[in-house]
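*Asks:* Mind docking chains B, C and D on chain A? Use the hints.
Chains as they are written, first to last, in our numbering: chain A, 1 to 413; chain B, 1 to 413; chain C, 1 to 413; chain D, 1 to 413.
Some hints here could point you the wrong way.
Since copy identity is lost for identical chains, a pair holds within one copy or between any two.
Straight-line C-alpha distance at most 30 Å; calculated DSS-like pairs for lysine-lysine [said to hold, decoys possible]:
hint, residue 1, residue 2
1, K225, K193
2, K77, K6
3, K6, K379
4, K379, K202
5, K404, K202
It is worth saying that the hints were derived from the structure and are not from the lab.
4 protein chains.
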Amino acid sequence: MTPKHKIINDPVYDGFLNIDDPLILQLIDHPYLQRLRRIKQLGMADLVYPGAVHSRFSHSLGALNLMCRALDVLRSKGIEISDDECRAAKAAILLHDIGHGPGSHTLENIIVHVPHETVTQLLMQHINRQLGGQLDTAIAIFNNQYHKHFLHQLVSSQLDMDRLDYLSRDSYFTGVREGIVGTDRIIYMLNVKDDELVVDEKGIYSVEQFLISRRLMYWQVYMHKTVVAAEIMLRNFFQRAIQLGHAFTTHSGLGFFINAETTIDQRAMQADESLLHRFAQLDDNDLYQCLKESHDDPILDLIRQALLGRRLLSVTFSDQPFTQSQVEQQRNRLATIQGSRDATRGIDPQTLAHYLVGTGELRNRSYDFNDHEIKVLRKDGTCLPIAQVSDQLDRHFLQKTVTKHYLFFPKTI
Amino acid sequence: MTPKHKIINDPVYDGFLNIDDPLILQLIDHPYLQRLRRIKQLGMADLVYPGAVHSRFSHSLGALNLMCRALDVLRSKGIEISDDECRAAKAAILLHDIGHGPGSHTLENIIVHVPHETVTQLLMQHINRQLGGQLDTAIAIFNNQYHKHFLHQLVSSQLDMDRLDYLSRDSYFTGVREGIVGTDRIIYMLNVKDDELVVDEKGIYSVEQFLISRRLMYWQVYMHKTVVAAEIMLRNFFQRAIQLGHAFTTHSGLGFFINAETTIDQRAMQADESLLHRFAQLDDNDLYQCLKESHDDPILDLIRQALLGRRLLSVTFSDQPFTQSQVEQQRNRLATIQGSRDATRGIDPQTLAHYLVGTGELRNRSYDFNDHEIKVLRKDGTCLPIAQVSDQLDRHFLQKTVTKHYLFFPKTI
Amino acid sequence: MTPKHKIINDPVYDGFLNIDDPLILQLIDHPYLQRLRRIKQLGMADLVYPGAVHSRFSHSLGALNLMCRALDVLRSKGIEISDDECRAAKAAILLHDIGHGPGSHTLENIIVHVPHETVTQLLMQHINRQLGGQLDTAIAIFNNQYHKHFLHQLVSSQLDMDRLDYLSRDSYFTGVREGIVGTDRIIYMLNVKDDELVVDEKGIYSVEQFLISRRLMYWQVYMHKTVVAAEIMLRNFFQRAIQLGHAFTTHSGLGFFINAETTIDQRAMQADESLLHRFAQLDDNDLYQCLKESHDDPILDLIRQALLGRRLLSVTFSDQPFTQSQVEQQRNRLATIQGSRDATRGIDPQTLAHYLVGTGELRNRSYDFNDHEIKVLRKDGTCLPIAQVSDQLDRHFLQKTVTKHYLFFPKTI
Amino acid sequence: MTPKHKIINDPVYDGFLNIDDPLILQLIDHPYLQRLRRIKQLGMADLVYPGAVHSRFSHSLGALNLMCRALDVLRSKGIEISDDECRAAKAAILLHDIGHGPGSHTLENIIVHVPHETVTQLLMQHINRQLGGQLDTAIAIFNNQYHKHFLHQLVSSQLDMDRLDYLSRDSYFTGVREGIVGTDRIIYMLNVKDDELVVDEKGIYSVEQFLISRRLMYWQVYMHKTVVAAEIMLRNFFQRAIQLGHAFTTHSGLGFFINAETTIDQRAMQADESLLHRFAQLDDNDLYQCLKESHDDPILDLIRQALLGRRLLSVTFSDQPFTQSQVEQQRNRLATIQGSRDATRGIDPQTLAHYLVGTGELRNRSYDFNDHEIKVLRKDGTCLPIAQVSDQLDRHFLQKTVTKHYLFFPKTI
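Chain A extracted, bound-state conformation (with noise of 0.2 Å):
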């Protein structure tokens, strides 16, 4: 029995979420959903930042605050949108994460070879067919397949619901205040024109900021040198147990796809829908099961200890990348401590450095020439890009992408 109407504290936005649409609360309540819950927003980041353990579920409510009140504003603002149709954003948007597994981004193929998106698409279809066809036009809104293109810009787009809660959720949670954004101004200045959702001029400078924080945060906080390190030993923890075979005990849980003995594909999930009820009853607490299980081979042992135990590798960033002479260094290096130690002296020097010593690249660019522009409404009812109309995100800074190369390798063992 659900109940009728239900109000939910946000400490982000300082409020209530009040929810009354049976249909909202139906797939609030459903248990694909739930799970997030146990779910973290931030994967590996909260061993940096310890308040940031917020979850993909306040998420997905967060957004799904953000997007009544969008709905509200453009409704002010003349914009016909039917009640139907404010129903179907609000479940696209709630639901818009629903593929996410455990470990959020990290463990991106990985545990199966689907991109979390795919997953969510073929969560939404099966909630679908539950439900009788109430989310036919939630779907269409979701995949661009709607009439009405606004609405599918407010799920996603280059300033949508999501990318509004996350920064300020992540800020709240984290305590950097660069992530900061008005996100209340850029909402009231949210305005629709020949069917594309665009900014009213006077909020060029809230979009700004908004463009800026996003830029900051990924550097300080997604991809904190730190939280590289750990979702590195993450990702080569999992990659070693697939390597290893049946590492897992048992085949419950995250344990059956990793020790699947055929990658689990889209192909495969959709030929065999268990696979896809399988998946979405995993959540962080199977992850770390996994890193909680002892196990024979010391590789699976060092790394997921150290993970425990917030021992992390190193992290250097550079804007070069690294020569290989600097990568054998750090491999002699760690061959040397490995002697000296009773744990690790049996291991093969070779595949010890394969896990514990590499190099990658991290690239970001906050805005998509490519994707929809943010466009601005001016006061005589043109619109022009962002880019032609802000003093300060010309071209030239808009489209810089940042390229940094790491090289990992361990302190100690």
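*Replies:* Showing chains B, C and D alone in chain A's frame:
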């Protein structure tokens, strides 16, 4: 290799915790403290307040933060506290929750028959041995055996850094503004008189509000009836498992304790230190793993799925004890529902009712006249208990105990 | 030409006030409301809390903001409120403080012998005539003559939008966290039962905290003893000026009223409307101008310079009335100091003491049993006064009146 | 008698400013600093952001607060700063704005022809004489004549405590979140290298965001077009008064300066110190008093009533200079309106247009390559300008100057 200097963001205090003491850094890095990252501060309260997934680890750091500030304030007022005593007081507050197990208070006396305070003692002693006695003073302070008693009061009293932190923290993460407290002001007003922690007269209103906020948070958050419902379910799930004997397939993790044939009490834990270390591996992931494992027993399965999907028992509060006939009425209702469902038809109605229908009682008094009373230092140098000085919080108010009786039962199953 | 749509930033509610009603926009633009921009909400309290220079104008907009939200909430709960009634309730709250003069409460019965509530009435009627009767309903609501009494209660009762706003606002600008109140929650919990504004049972803790915060803010901010000292000085400055007769060189501004030969009471103000309009030109600048003008009278000069330079009287509080001998002692002390200074040697000691030494009394009761009590709407549909429902705030607590006696005297002159 | 210890609430930093240095306490109590309580930090910006009535006094205390923290941080990093130098740096920042007059920047070169920095100098020297030379070091630091140049940089540079405070403060009181800056983090990251104030590499993102926030606040708040409109009106009001000669009835207050027959420049002020002291009596009340006095001149009367009632000029911005014909068009429009109104019919249209129609230009560059550049201290001990280190804020971005042309004209009169 321990870094020499650490800055940690804490969103609650909108600033940083700055740590450079090598002992404190070592304690933070200890795996048994790191473990608290994986134990939620508020147990099941995030089922009502989705933001409230903050960890005991962040609380421990927060309490340390307040301790640092309080020691600075006291020293600036001329109270003599040596560097060693500062370090010890910081170590004591940092470790004050180290004995908590999964599910925090809810599973006390279920996993082991040892109160978490005792586990804290045992773990402190263990770490002290590892560190060659560096925690001697910290432990003395913790146990109120140190000659400067006010140091103990900073760690544990009616106005300690523990309570000051958790009120602010729980308020921040739940979004319940009622818990916001003038922490800074209270700390600025701390003083010591005749070896007792006291509050300067100018801080009296802040202390009053602190006492009242605690009382309100108790009912609004900690004992919110939906939280109570979830905790009853969690407790009953494990009690059912214990009653069944070998409920869990693995003997690792929490399964070891729940499946154990004999009660593990303090004596047992001291006799066999491996029990302590096993306990000190547990965290909330173990708890959820138990909930995620499917069971042959339909009662276990029913409760665990309800918890995971957030289909919680109903709880009603009353000033009066519930009558036997009110309980019977709910039992009968349950039996009727039960009979109409395939999944539950086979279960013995009495047994099912034992786990799903019942009564209990909650009591709260925000002030304890038997404990050291909070004393106010007046301008003339005299000290008086707050109950005598406060305009508002007189004896009548402070000694009032609120008792609520509750009845729990399923809306449906 | 009135703009059609206005968005105003309000830092207190971390969002915007969005106004599109032409009548409300017209009222905001009225010079008599704009005047409130130049009257501080908290009189002299910024001498203690430097941030607290916020204006009655911002409070009026804040209360309007809360009124908009409250009306939305009530309508969403099915309470019938027409668009006209909404507009009227908004107009009433927006104008509720329009009759305040410079120095707010401190100079009541000094500038004119008309309470500010009466001036508000007169100004509302004047504006209503200007607007051709568009405020008829607003005035009826304000005066509790409208048949839907709950609308009046939103404007003026023990839980009105005025109080809800000023607590949050004063807390925000002073930085005194004790006043932070769950405004959003209280507003969400408002309801109407039998034409009476009530609070849903779930909001009871927030209302309790609201009552307590008000009580604390009263002593911590509004009646802080340094604020009391400054207000005594301000009052005595003008009383001295009145006593002297033509103290001010100009007859414009405040000088007109202070120099006036006859008392201006309600009768006089109604007989000669120009008095009302003169009063409605005054703001805090007039008050400070009086303080900045140099005077022949040494007492006036002494007080005004002390106020401008923040050299304030001492105030001590006591539960007991001060004795005549305590007062005498301070008078004698003053006489001694006075004799040793050139600037004050010539003043009659008795007269000086009349303005610089004295006693008084403050009383606070945060709840009024004679006023409409705050009622709680329980789940079963019944309504009970909060004093009967609350665990904490029983009759004993709520009816308690705190009385403080004070003695003021100069530290030095 | 100066109190020994002072705690002042500052809502911006959510904590307290704790002062116990007798010199600093004496400076705070000085009437010329107390005067800053009555000068708004943001001039007319509260006409757009009603909360923004905060004073230069609160800004001065806030900058002092940040200075205290910054000095603590630097000392904790081993930078040698003596107690005397600390006191001097604190005194310098506390007094840095003491030379501001009413209306802040808007009335510079109108009231006197002396820049506020020069007035600050003169007042510091005056107070230094009063205090027997106790400010010698503070003045040397202020003037960058002290051998430890980094102390001057804390007071005045592209990353000084002045800017850090005002961004946070203006953001807090306006409610414009775009200005929120990681002040705490920036201060923690300050360091000194080769006698130069630098930022540790880890703080680079916070500095970037600081530069960007300043740029955004410039256009969103400081040069908001409605604020620009109000400032033009204020300026033109006083220019008209100066042009008319003896516009004000009194020669006290601001009237003295505006009515003065000869220009008061630095030479004049130094020749006759009484001019300095007269200036140091002025505050915003004097400004409003001039606006509240009625005038024979219809232009003065028109502007002052419009300002008091917030009927402001229109301002439009353009990337291109406005053409003469655009200006003429507005002049003609004005002449038409003017002719239709009794009150303005008699005024010479040319003269009226001189005060109500015109153009101007605003420029902003948030970074100055000619000033000491902000340097980043890298882990390897080298220092580089931020323009070389930053991924985002490259030379192209930082050196960009934004110029906006504006046209002002009345909507109506």
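*Asks:* A separate judgement is required for each hint: does it hold in the structure or not?
*Replies:* For each hint, the structure was consulted:
1. K225 to K193: For K225 and K193, only the inter-copy Cα distance (25 Å) is at most 30 Å; the intra-copy one is 41 Å.
2. K77 to K6: So K77 and K6 pass the 30 Å test inside a copy (27 Å) and across (13 Å) alike.
3. K6 to K379: between (40 Å within a copy, 15 Å between copies)
4. K379 to K202: within (9 Å within a copy, 42 Å between copies)
5. K404 to K202: So K404 and K202 pass the 30 Å test across copies only (15 Å; inside, 35 Å).
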